[in-house]
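Asks: If you're matching them up, the sequences are chains A and B in order.
With my numbering as the guide, the letters of the first sequence map in order to residues 1 to 444.
With my numbering as the guide, the letters of the second sequence map in order to residues 1 to 206.
A portion of the hints provided could be inaccurate.
Chain B regions said to be covered by chain A (calculated; three or more residues, Cβ under 8 Å) [claimed, not checked]:
id, region
1, 81-95
2, 126-132
Calculated pairs, SDA-like style, for lysine to any residue (alpha carbon to alpha carbon, straight line, at most 20 Å) [what the hints assert, rightly or not]:
id, chain 1, residue 1, chain 2, residue 2
3, B, K180, A, K327
4, A, K232, B, N117
5, A, K266, B, R166
6, A, K235, A, G79
7, A, K215, A, S228
8, B, K83, A, E85
9, A, K327, A, G79
10, B, K180, A, K266
11, A, K266, B, H116
12, A, K215, B, I52
These aren't lab readings, by the way, just hints derived from the structure by calculation.
Please read all numbers here as calculations on a predicted model, not as lab measurements.
Note that CB positions come from ideal geometry on N, CA and C, so glycine has one too.
The residues making up each chain are set out below.
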Amino acid sequence: MSFDPYASSRETTEGRVYSVTGGDWDELSTEIGATKEERVVVNMGPQHPSTHGVLRLILELEGETVTEARCGIGYLHTGIEKNTEYRTWTQGVTYVTRMDYLAPIFNETAYCMSVEKLLGITDQIPERAQVIRVMMMELNRISSHMVCFGTGGLELGALTPIFFAFRDRETVLDIFEEVSGLRMNMAYIRPGGVAQDVPADAVSRIREACRDMRKSFKDNETLLVGNSIWMKRTKDVGYLDLAGCMTLGVTGPILRAAGMPWDLRKSQPYSGYENYNFDVITTDTSDAYGRFLVRLGELEQSLRIIEQCCDFLDKLNGAPVMVADKKIAWPAQLSVSADGMGNSLAHIREIMGESMEALIHHFKIVTEGFRVPAGQAYAAVESPRGETGVHTVSDGGTRPYRVHFREPSFNNLQSTAAMCEGGMIADVISAVASIDPVMGGVDR
Amino acid sequence: MFGVNGSGDTSGFGGLVRVGSSSGSSERPYGSYFDEIADDLERAYPEFNDAIEAVVVQNGELTLHVNREKLEDVARILRDNPKLQFEMCLGVSGVHYPDQTGRELHAVYPLLSMTHNRRLRLEVSVPDSDPHIPTLVEVWAGNNWHERETFDMFGIIFDGHAGLTRILMPDDWAGHPQRKDYPLGGIPVEFHGATVPAPSERRSYR
């Protein structure tokens, strides 16, 4: 056989190995058809466009039926947990926000909640900061679910949903940019509160965005709900019932699509979620379509919460957004200007021109950081993918002794085998898309 | 690099008192629902005193320090007893304490009971020279990858795990990166005529 850079083959001890990176599949299938081998192992990814990121799937096939599905992960491992051990507690936020990069606010909030637990200041977080956290989390839930619909649709060959989804995601990212100065990886939630208050005109803009999004969500809804092609690709596909979810530790939309109304926002409220009216969306189909419906329903609930946040923010106008304890609170009120986020001019004027003590304080807390009493804590939030739990250990120093993330993507991806084995190879794509793993979170 | 020893804090500004992380058992009453959990487990498990090395309540959380020989028994009772019913295990987090001689490696299991809406933490400690802990995959299947990760990062060997291989690091990687003696930036960066210390060596404010 002549050398073909797009479809080469070689003999190994395991049998003949074919590399296909594009080009003509007919040639390959003819060649495989000529061999007597029934069992084919397909290595899909980690650079395959339909595996939802750098996920490698090792699929054992008999014809088109998957007999064994395994995941290869670790291609995006960047040692974030190790890195946090070499930076201050506040700097840790900048690292953890990069784990599940579609849900940065959730990583930050969970991390900050565990640090605050260690500091014993959970009750002292100002109400306005809590409201801002809730608002940012719910906005983030919308932007994250939008990627799930958009890329999930693309992977199944539906090219339209991503345009609607990314249009709405854009609205949310614009709000993030206005509030925090950044569209992703904001490091906006800080131990003790948030980095800066929301700009004066942001609340009315967010209200307006909510009204717009409520209308524009309808586009994807009318496109996909009840769409016969979409339903054929997702209904009864990727089945995982309640017992499977429980034993595999699966949480989030997958669990709620199995009929369990488990949502940490309701069952173990944090950041003041007990003050908001919203419903936990469930379906009982346990399949990819059910998970899609759960996520769709959650969009409306998030909008409801955001609107209530806006009302709270109006009431709490001018209230502090950082804990009162000056030995923990970040000294600078940051501000967003044309070139991004930075120290506010008023603060620079004070430390550089007026108060030597304020300068020393600023220098000490920014470079050395604050001390956190020794001990360990676990804090969890309901992220778009399930329970994001943070286990932090302190030895009493200014830097974390250990930060471990219980990532829902990492955990839920384990259910791939349970969802896919015995099904068709095309349904693997549906099932993985319905898990909605984010490889940044899986590999950390 | 700057010759900083200890905390480097000369102002006395960060004056928090250090509390040892494993300062023995907490005193009863533990508060909240913690007494109930301890009582129910003691009733359901006659070997409670052998199995549970310490009961620690800290930051509003209950931690049971479990003897590794009894870990699987304790886990099964916690999962199956209708009064306890911790049906979900949220993974394993390893912690390396090189100073705690004889119990350097810890494995921490956060448990969740959806039935009773309660949380609990199990902690198992083993010596570095004998880093074996029985696997809990039989009890909570979802622990599979978490135990592989803890093995990968800390070198804790989970006995009975069906496929305890590296999961995040490459298969042929040497060492366990999350251990405290493993430097950050373990691969030295070199420039012509100069060396750059690994990030962990550069400066210290601790």
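Asks: Each hint should be assessed against the structure and marked as holding or not.
Replies: Cross-check of the supplied hints:
1. 81-95: That given contact holds, which follows from 8 residues of the region 81-95 of chain B lying within Cβ reach (below 8 Å) of chain A.
2. 126-132: n = 0 at 8 Å, threshold three: violated.
3. B:K180 - A:K327: With a Cα-Cα distance of about 28 Å, the restraint between B:K180 and A:K327 is violated, given a limit of 20 Å.
4. A:K232 - B:N117: Status violated; Cα separation ~37 Å.
5. A:K266 - B:R166: violated, 37 Å
6. A:K235 - A:G79: violated, 38 Å
7. A:K215 - A:S228: violated, 23 Å
8. B:K83 - A:E85: It is violated: about 39 Å lies between the C-alpha atoms, which goes past 20 Å.
9. A:K327 - A:G79: Violated: A:K327 and A:G79 sit about 30 Å apart, past 20 Å.
10. B:K180 - A:K266: With a Cα-Cα distance of about 38 Å, the restraint between B:K180 and A:K266 is violated, given a limit of 20 Å.
11. A:K266 - B:H116: Roughly 14 Å separates the two Cα atoms, so the pair holds.
12. A:K215 - B:I52: Distance of about 57 Å is beyond 20 Å: violated.
Hints 2, 3, 4, 5, 6, 7, 8, 9, 10, 12, counting from the list given before, are not met by this structure.
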